[in-house]
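Q: Let the sequences and hints guide you as you build the complete structure.
Those letters in the sequence shown? Residues 1 to 77, by the numbering used here.
Straight-line alpha carbon distances no greater than 20 Å define the calculated SDA-like cross-link-like pairs of lysine to any residue that follow:
| # | residue 1 | residue 2 |
| --- | --- | --- |
| 1 | K40 | D23 |
| 2 | K19 | H29 |
| 3 | K40 | L22 |
| 4 | K54 | M1 |
| 5 | K40 | T21 |
| 6 | K19 | N8 |
| 7 | K54 | T44 |
| 8 | K19 | I30 |
| 9 | K54 | L2 |
| 10 | K40 | L2 |
Label-pair distances were calculated between CB atoms; the ranges are:
| # | residue 1 | residue 2 | range |
| --- | --- | --- | --- |
| 11 | N52 | D12 | 30 to 40 Å |
| 12 | N51 | I30 | 16 to 26 Å |
| 13 | T56 | Q27 | 22 to 32 Å |
| 14 | Q31 | N8 | 13 to 23 Å |
| 15 | I53 | V3 | 15 to 25 Å |
| 16 | I53 | D16 | 34 to 44 Å |
| 17 | H9 | Q31 | 12 to 22 Å |
| 18 | K54 | D16 | 29 to 39 Å |
| 19 | L15 | V50 | 29 to 39 Å |
| 20 | D16 | V50 | 32 to 42 Å |
| 21 | L46 | N8 | 14 to 24 Å |
| 22 | T26 | T56 | 15 to 25 Å |
The set of hints was computed from the structure by calculation and includes no laboratory data. For each residue, glycine too, the CB sits at the ideal point set by N, CA and C.
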Amino acid sequence: MLVTLANNHVFDYGLDAFKDTLDVLTQNHIQWTGAGMSIKEAATPLELEVNNIKITIVNFSEGEDLTTAGENPGVIE
1 MLVTLANNHV
11 FDYGLDAFKD
21 TLDVLTQNHI
31 QWTGAGMSIK
41 EAATPLELEV
51 NNIKITIVNF
61 SEGEDLTTAG
71 ENPGVIE
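A: See the structure below:
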């Protein structure tokens, strides 16, 4: 299972809620892409292998009200 997090609502409830989201995903072994605690984490594609087929998923967002990842948490745009 995976989720894409680069969207204009991922920070609607603030940084603490974003961190909680990442914690819940990690605790439940759910992979994500498109956002993270740094630009490196947010920009890292998610690489999967399904039925011996390699799949790379990238997620980015363009829009208003984005918190762009840099040295701080955010999304990749």
